[in-house]
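Participant: Here is how the chains run, residue by residue.
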Amino acid sequence: MIQGAVNIALVILVISIALSFYRLAKGPTTPDRIIAADNIATNLTGVLTLFAIQTGEKVVIIAVVALTILSFVATAVYAKFLERGQIIE
Amino acid sequence: MSDFIAAASLLIGASFMLVASLGLVRFPDLYTRMHAATKATTFGMGGVLLAAALAFGSADIAAQSALALVFLFLTAPVSAHLISRAAYRSGPHLAPNTTVDDYKPYLAEQAAAEEKEAGEDKGGPEESGPAHPSAGKVP
Chain A
1 MIQGAVNIAL VILVISIALS FYRLAKGPTT PDRIIAADNI ATNLTGVLTL
51 FAIQTGEKVV IIAVVALTIL SFVATAVYAK FLERGQIIE
Chain B
90 MSDFIAAASL LIGASFMLVA SLGLVRFPDL YTRMHAATKA TTFGMGGVLL
140 AAALAFGSAD IAAQSALALV FLFLTAPVSA HLISRAAYRS GPHLAPNTTV
190 DDYKPYLAEQ AAAEEKEAGE DKGGPEESGP AHPSAGKVP
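Listed in order, the protein sequences are those of chains A and B.
Position 1 of the first sequence, counted from 1, bears residue number 1 in our numbering, the numbering being contiguous throughout.
Position 5 of the second sequence, counted from 1, bears residue number 94 in our numbering, the numbering being contiguous throughout.
I should point out that these hints are in silico values taken from the structure, not numbers from a laboratory.
Warning: the hint list may mix true and false statements.
[Said to hold, decoys possible] Computed list of lysine-lysine pairs in BS3-like fashion (alpha-carbon distance at most 30 angstroms, straight line):
{"#": "1", "chain 1": "B", "residue 1": "K193", "chain 2": "B", "residue 2": "K128"}
{"#": "2", "chain 1": "B", "residue 1": "K205", "chain 2": "B", "residue 2": "K193"}
{"#": "3", "chain 1": "B", "residue 1": "K205", "chain 2": "A", "residue 2": "K26"}
{"#": "4", "chain 1": "A", "residue 1": "K80", "chain 2": "B", "residue 2": "K128"}
{"#": "5", "chain 1": "A", "residue 1": "K80", "chain 2": "A", "residue 2": "K26"}
{"#": "6", "chain 1": "A", "residue 1": "K58", "chain 2": "B", "residue 2": "K128"}
{"#": "7", "chain 1": "B", "residue 1": "K205", "chain 2": "A", "residue 2": "K80"}
{"#": "8", "chain 1": "B", "residue 1": "K128", "chain 2": "A", "residue 2": "K26"}
{"#": "9", "chain 1": "A", "residue 1": "K80", "chain 2": "B", "residue 2": "K193"}
Since the model is a prediction, treat every value here as computed from it, not as a measurement.
Turn these sequences into a full structure, and let the hints guide you.
Facilitator: Have a look at this one:
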């Protein structure tokens, strides 16, 4: 039962990534694109978790933590760049 | 039994993330899009990570997925706040049917207080420079 649910959830998450790509392409302002990229990264962590459930590999779950932290750092740095014009002053 | 709970939680979490991306496409404004993208996605990821912890059934996977959830809950609101503040300062981009804007009088107050202080101190180096020239411009 869990494997069937994993397949359905994978399809749902891929559709969700495609919708975020639409906002990434269209977004009239730059912060729109930042939010879309962050959303794609978080959906990708969901796909990684589903991959871990499907194959039974236990080592993939720690990559979820690393990807969350990395995407947050990227978003924070870009916000600083938007506000000040340079990252380290 | 735990298999069934894991499957249900997985489907609920995935559908929340789908609704979040749908909101990202359909909402009229930058700030409302940020609401959808951060809150609903974080909750959906909670469901997916709970399903992973239940499906594996071992304590170390449960600890790692709990760690991932804690990091997600800590970082998503902070990044949303940073982006919305940076986006507001480089031109508000509010939707046309916005009725309440509480940040503009606060910013005006800050600017007035800063000018008064600069006048009293006889001017030091400018604290906050202008935003980057390409920030928020329609491409």
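Participant: Against which earlier hints does the structure fall short, listed by number upward?
Facilitator: Structure breaks hint 3 only.
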